[in-house]
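The hints should help you fit chain B onto chain Y, whose structure is shown.
Protein chains in written order, with numbering that gives the first Met the number 0: chain Y, 0 to 469; chain B, 0 to 469.
One should not assume that every hint holds.
Which copy is meant is left open, so a pair is good if it fits within one copy or across any two.
To be verified - Mimicking SDA-like on lysine to any residue, the simulated pairs with C-alpha atoms at most 20 Å apart in a straight line are:
1) Lys442 - His394
2) Lys369 - Tyr195
3) Lys193 - Val272
4) Lys193 - Arg214
5) Lys261 - Glu227
6) Lys140 - Pro13
7) Lys169 - Ile62
8) Lys261 - Gly274
9) Lys193 - Asp219
10) Lys23 - Ala44
11) Lys140 - Val121
12) Lys412 - Asp423
13) Lys193 - Ser211
14) Lys140 - Val367
15) Lys193 - Arg216
16) Lys422 - Arg441
17) Lys442 - Val408
18) Lys140 - Arg125
19) Lys442 - His388
20) Lys442 - Arg334
Don't read these hints as lab results, they were simulated from the structure.
Protein chains: 2
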Amino acid sequence: MLLMPRWDEHSPLPHYVQLYETIKQEISSGQLAVGSRLPSIRKLADLLAISTTPVELAYQQLIAEGFIESKPKRGYYVQHLPEPYMRLGEEKRETNAASDHLLWSGRRYRYDFHVSKNDFRVFPFRTWRRLFQRVLHPDSKELLFYGDPQGELGLRQEIARYLYHFRGVKCSPEQIVVGAEQHLLLSFLAQILKSYATGIGVENPGYPLVSSTFRQRGYDVVPIALEEDGLSVEELYKHDVQLAYVSPSHQYPQGMMLPIGKRLQLLEWAEKVDGFVIEDDYDGEFRYQGRPIPSLQGLLPDSRVIYLGGFSQSLAPALCINYMVLPAILLDDFRRFYWETLFEQSSSPLHQQTLQLFMQEGHWERHVRKMRNIYRRKHDRLVASIQDHFQERGHIIGRGAGFHLLLRVDSPKPEAALLQEAKDAGIRIASAAYTWHVPTERKEFIFGFGGIDIDDIDPGIASLHQVWFS
Amino acid sequence: MLLMPRWDEHSPLPHYVQLYETIKQEISSGQLAVGSRLPSIRKLADLLAISTTPVELAYQQLIAEGFIESKPKRGYYVQHLPEPYMRLGEEKRETNAASDHLLWSGRRYRYDFHVSKNDFRVFPFRTWRRLFQRVLHPDSKELLFYGDPQGELGLRQEIARYLYHFRGVKCSPEQIVVGAEQHLLLSFLAQILKSYATGIGVENPGYPLVSSTFRQRGYDVVPIALEEDGLSVEELYKHDVQLAYVSPSHQYPQGMMLPIGKRLQLLEWAEKVDGFVIEDDYDGEFRYQGRPIPSLQGLLPDSRVIYLGGFSQSLAPALCINYMVLPAILLDDFRRFYWETLFEQSSSPLHQQTLQLFMQEGHWERHVRKMRNIYRRKHDRLVASIQDHFQERGHIIGRGAGFHLLLRVDSPKPEAALLQEAKDAGIRIASAAYTWHVPTERKEFIFGFGGIDIDDIDPGIASLHQVWFS
Numbered sequence: 000m001l002l003m004p005r006w007d008e009h010s011p012l013p014h015y016v017q018l019y020e021t022i023k024q025e026i027s028s029g030q031l032a033v034g035s036r037l038p039s040i041r042k043l044a045d046l047l048a049i050s051t052t053p054v055e056l057a058y059q060q061l062i063a064e065g066f067i068e069s070k071p072k073r074g075y076y077v078q079h080l081p082e083p084y085m086r087l088g089e090e091k092r093e094t095n096a097a098s099d100h101l102l103w104s105g106r107r108y109r110y111d112f113h114v115s116k117n118d119f120r121v122f123p124f125r126t127w128r129r130l131f132q133r134v135l136h137p138d139s140k141e142l143l144f145y146g147d148p149q150g151e152l153g154l155r156q157e158i159a160r161y162l163y164h165f166r167g168v169k170c171s172p173e174q175i176v177v178g179a180e181q182h183l184l185l186s187f188l189a190q191i192l193k194s195y196a197t198g199i200g201v202e203n204p205g206y207p208l209v210s211s212t213f214r215q216r217g218y219d220v221v222p223i224a225l226e227e228d229g230l231s232v233e234e235l236y237k238h239d240v241q242l243a244y245v246s247p248s249h250q251y252p253q254g255m256m257l258p259i260g261k262r263l264q265l266l267e268w269a270e271k272v273d274g275f276v277i278e279d280d281y282d283g284e285f286r287y288q289g290r291p292i293p294s295l296q297g298l299l300p301d302s303r304v305i306y307l308g309g310f311s312q313s314l315a316p317a318l319c320i321n322y323m324v325l326p327a328i329l330l331d332d333f334r335r336f337y338w339e340t341l342f343e344q345s346s347s348p349l350h351q352q353t354l355q356l357f358m359q360e361g362h363w364e365r366h367v368r369k370m371r372n373i374y375r376r377k378h379d380r381l382v383a384s385i386q387d388h389f390q391e392r393g394h395i396i397g398r399g400a401g402f403h404l405l406l407r408v409d410s411p412k413p414e415a416a417l418l419q420e421a422k423d424a425g426i427r428i429a430s431a432a433y434t435w436h437v438p439t440e441r442k443e444f445i446f447g448f449g450g451i452d453i454d455d456i457d458p459g460i461a462s463l464h465q466v467w468f469s
Numbered sequence: 000m001l002l003m004p005r006w007d008e009h010s011p012l013p014h015y016v017q018l019y020e021t022i023k024q025e026i027s028s029g030q031l032a033v034g035s036r037l038p039s040i041r042k043l044a045d046l047l048a049i050s051t052t053p054v055e056l057a058y059q060q061l062i063a064e065g066f067i068e069s070k071p072k073r074g075y076y077v078q079h080l081p082e083p084y085m086r087l088g089e090e091k092r093e094t095n096a097a098s099d100h101l102l103w104s105g106r107r108y109r110y111d112f113h114v115s116k117n118d119f120r121v122f123p124f125r126t127w128r129r130l131f132q133r134v135l136h137p138d139s140k141e142l143l144f145y146g147d148p149q150g151e152l153g154l155r156q157e158i159a160r161y162l163y164h165f166r167g168v169k170c171s172p173e174q175i176v177v178g179a180e181q182h183l184l185l186s187f188l189a190q191i192l193k194s195y196a197t198g199i200g201v202e203n204p205g206y207p208l209v210s211s212t213f214r215q216r217g218y219d220v221v222p223i224a225l226e227e228d229g230l231s232v233e234e235l236y237k238h239d240v241q242l243a244y245v246s247p248s249h250q251y252p253q254g255m256m257l258p259i260g261k262r263l264q265l266l267e268w269a270e271k272v273d274g275f276v277i278e279d280d281y282d283g284e285f286r287y288q289g290r291p292i293p294s295l296q297g298l299l300p301d302s303r304v305i306y307l308g309g310f311s312q313s314l315a316p317a318l319c320i321n322y323m324v325l326p327a328i329l330l331d332d333f334r335r336f337y338w339e340t341l342f343e344q345s346s347s348p349l350h351q352q353t354l355q356l357f358m359q360e361g362h363w364e365r366h367v368r369k370m371r372n373i374y375r376r377k378h379d380r381l382v383a384s385i386q387d388h389f390q391e392r393g394h395i396i397g398r399g400a401g402f403h404l405l406l407r408v409d410s411p412k413p414e415a416a417l418l419q420e421a422k423d424a425g426i427r428i429a430s431a432a433y434t435w436h437v438p439t440e441r442k443e444f445i446f447g448f449g450g451i452d453i454d455d456i457d458p459g460i461a462s463l464h465q466v467w468f469s
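Pulled out of the complex, with its shape left as it was, chain Y reads as follows:
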């Protein structure tokens, strides 16, 4: 029998969509078995105390998509799911680290350590709404047109100013390229760099999006092993690569910081091979012990570094504002690429303008400070709870920064079993396996602490230890 749909009365989604998604979720998760019979429209409407229309709409949609079938005079029955859909379900369950974004339809976890969740309760709703009202106004209706293909100039000026003061990045607004999404910016990069490079060395383990994007664009992607203090520059020299991707402030996912010596070696390498370093500074502002580490980009003047940044982790992914900072020598190539393509700006000028005002009025710096304090407290709580409950059975890797840490677990159980046990207990964690170029079982798990309520951290860790070791 169908479970009660999760109503969210404040949800902008109409009833029939919520109902549709609940049922679809029940079916794909197997909770509603193939062949089982759904309640009649009338019955379900009564049960939920709503009119029959939304129920009918939901059923029609499910029939259209082949989830259920209507047998005349007999009712509605769950269909066998099409192959691709099942596979999608499977894969989603596995790669729940980076990709389980479908919050509406995705199952709710009691304790959610999702790696890229933010604490949206502290999003500056009122300020943002006020500024958006100013931007979306008949008097500035030009903003409804296509934006600057490189990003709104005013925003790029604010970003340049901020990066200089807080990340030590040295650039002019002309060097900044704004885009809605990182894969898109990386695709631009792969296109622009074609005349400079055929191969790219990437951190192993590391952030998979970079490898996949450059591989799709025909580059050799060479996994470079990490040493205790980060990527091995010697290794880079051994391969025919002219690009290197690193996350020097806080390696993803291992969390080590690239020391000054290696930073200089890396810049020297780029000079020697006429290549470029791609610096991903995804959480550079968020260091909880001592001062933030200045960027690699600003270490030497005119360095051959492409800097990647964005506002997803510190503000909200839904604004779809990311950017890259190009070395001056690549600006000409970027412009040629633009004129050969004539792509449009993908990041909404309305959000860009709102963010620009948000930064100009000083809200942004305050917000980052606030988030840093919140995340620091969560980080400290998570570290303490793990040490408390796991003691010598758990080894913490990469503490002190960002939004996640890594836990290596000393257990005889296979990794898959540990993941399943966590899932069954309503605890969302991810295996770090997806960050390895050749996934191997290491029993290392990624714990994101950005989204979870601070008071849920200790109970969550306690019950995880309980299910794993009792």
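Using the frame of chain Y, we list chain B on its own:
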């Protein structure tokens, strides 16, 4: 001496940005010659009756970017512009059709026949702001997270319903992929279709973005000549291409409509070569004589057609919401591509949700009807004015639909001279040359009528005829 900057008191841009952009514009357009001296900060501040701070900020920025230099004790002087920037300026002047989007810094035209301008005065500001307030709310804070990589389900359902009723497109929400920008969706497509195709036939003349995107992804791009009634299907058979790009409702830019016979031939061709037709329906709703032509996609069940649509022309480009409808047989490939890449959704879930509510509450259909009437009146006015003033000296091509028409001019002057004369008279039109794979001088010009005030159309055409033929 510096011209008075164009102040826009309602602009969300601060004074120093507007000032910076004006000066930059004067310099790149040559109105401020190399070596000429700018007024002192004090002087300019007085002249504009503002404090010295914004002037100083603007000057500092211009120095940083190398537009001007500060000579101690002597003042600020215009520098020689760096090569790439000059080239950018040059090219922008030439390809002003698709790409001259920098409204803030771009020169204002007295009569603006920009091809992709909309009439933003009729944008539903109040409704949209109200709905956005509902979406950006603490109670639905999950919307701040990453959206569904394929697009918000609720919006895809609304789009599917709309397309079925108004464009005769037959699809389920599962077949719709939402993205911020067309180049991005076409890149996805180029990646997904790699296992099906090596070459693509494109309309010549036609929309350049498709050619450039597929060429960058390694496809052979074969220009296919247009006949009186559109793309020649016989030509397609002669080449080793498995993809064909067409704009069947209203060919861009020539404006002919692909007749039913050719539509069936095209679908048959796709079956025969196991290929696909890419249907660009960029202005399908906007037909001013008789009923809209139903889409090619819906002509036959399960046809091998990829349908492209979006909300830029009918609502606003700044929302960054475009989409494609994939044939069911490509869904598996799309999902595999997604799982190999793990890209994020590029179109802001906040805008998507707002649009979904806009459609659910019936505003969208009303808005399209309203826009169609407005654009019809402008279309008719433009046709009448041209016939009136140009008579046998101008030949109108592709009337009756969309947002533009083509004018072939019978004049002894070279095309470049005609463009310059129009520009000097403050009239923005574009040469159709950029739509030809081998640009040739044809003295055909694209007149967009979407953005211009209806009462400016006749004076604009009158003065254009005046400067060209007196």
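Each hint tested on the structure:
no.	hint	verdict
1	Lys442 - His394	within (11 Å within a copy, 73 Å between copies)
2	Lys369 - Tyr195	neither (41 Å within a copy, 51 Å between copies)
3	Lys193 - Val272	within (15 Å within a copy, 32 Å between copies)
4	Lys193 - Arg214	both (12 Å within a copy, 14 Å between copies)
5	Lys261 - Glu227	within (12 Å within a copy, 65 Å between copies)
6	Lys140 - Pro13	between (30 Å within a copy, 16 Å between copies)
7	Lys169 - Ile62	between (57 Å within a copy, 15 Å between copies)
8	Lys261 - Gly274	within (16 Å within a copy, 51 Å between copies)
9	Lys193 - Asp219	both (12 Å within a copy, 18 Å between copies)
10	Lys23 - Ala44	within (17 Å within a copy, 64 Å between copies)
11	Lys140 - Val121	between (30 Å within a copy, 10 Å between copies)
12	Lys412 - Asp423	within (15 Å within a copy, 78 Å between copies)
13	Lys193 - Ser211	both (16 Å within a copy, 15 Å between copies)
14	Lys140 - Val367	between (31 Å within a copy, 18 Å between copies)
15	Lys193 - Arg216	both (9 Å within a copy, 12 Å between copies)
16	Lys422 - Arg441	within (18 Å within a copy, 67 Å between copies)
17	Lys442 - Val408	within (6 Å within a copy, 73 Å between copies)
18	Lys140 - Arg125	between (23 Å within a copy, 13 Å between copies)
19	Lys442 - His388	within (17 Å within a copy, 79 Å between copies)
20	Lys442 - Arg334	neither (46 Å within a copy, 28 Å between copies)
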